[in-house]
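> Numbering-wise (the numbering used here), the sequence shown opens with residue 1489 and increments by one.
Check before you lean on any hint, since a few could be wrong.
[Said to hold, decoys possible] Okay, the calculated beta carbon distance ranges per label pair:
| # | residue 1 | residue 2 | range |
| --- | --- | --- | --- |
| 1 | M1510 | G1578 | 18 to 24 Å |
| 2 | W1499 | I1790 | 35 to 41 Å |
| 3 | L1550 | T1597 | 54 to 60 Å |
Since the hints were made in silico from the structure, they are not lab data. Where a beta carbon is used, it is the ideal one built from N, C-alpha and C, also for glycine.
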Amino acid sequence: TAAEFGGGTGWTLYPPLSTSLMSLSPVAVDVIIIGLLVSGIASIMSSLNFITTVMHLRSKGLTLGILSVSTWSLIITSVMLLLTLPVLTGGVLMLLSDLHFNTLFFDPTFAGDPILYQHLFWFFGHPEVYILILPAFGVISHVISTNYCRSLFGNQSMILAMSCIAILGSVVWAHHMYTTGLEVDTRAFFTSTTILISIPTGTKIFNWICTYMGSNFGITHSSSLLSLLFICTFTFGGTTGVILGNAAIDIALHDTYYVIAHFHFVLSIGAIIGLFTLVSSFQENFFGKHLRENSIIILWSILFF
């Protein structure tokens, strides 16, 4: 209701569409930027809350070394938010300044650089993928360990793998920008680092499968089925990501449905399965009673297929 039209800039807010009257509505761009700033502040405050709680308010004798994988996933996610959100905040504030205060950060006519915004945006945009999926890793680890009454296979290696994913995932943002004309050395670095992420990711899959194989192989709960579905879909989506990590192949596949399929298998389906697994596993805490297992499976089947 604040603007007659949408911004018309795409979800990435790339200049010059977002920094000039070329957009459908500059007011809509303002609203989008303000919304990003407010949600960013909320995320930063939540991250500080999580980290402070874990570091200073945990039970006596509960050291970091024996914390659960799910708790570690929240810690790592919070740290990633604290490191990357200020960069996005700076980028959108520069957009706002170009739009209303006659600065020239992204105007190439006056020695500005529109590619700079892409770097600022994707420095947050790619870690955001892991910010969304890391809590799901924690949920799946907890559910598999709890439902099969076994300690998670390679518990410490799982924490190390998530930490490596967070570190590597924060330095590969430019693989979204291969088509902008990056030099050969830069493409080589981002290609190799992107493919390197498959090692800790494979470690997680290996640990989950080993935990499952060490049990009685039964599907004792709807959350068990959902966790196995998560492993299958995430493995499939992650495999397509290894292919996209190659700069030469990525240029050919850029803006195709292959990229859309990869992204949605990993995030859209993966994160949603993680959410359903969480609700299914903790349904008594959420609803005060145990829901019918068949109802949960039927609901998921309708949504999935």
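> Where does the structure disagree with the numbered hints, that is, which hint numbers, in rising order?
2
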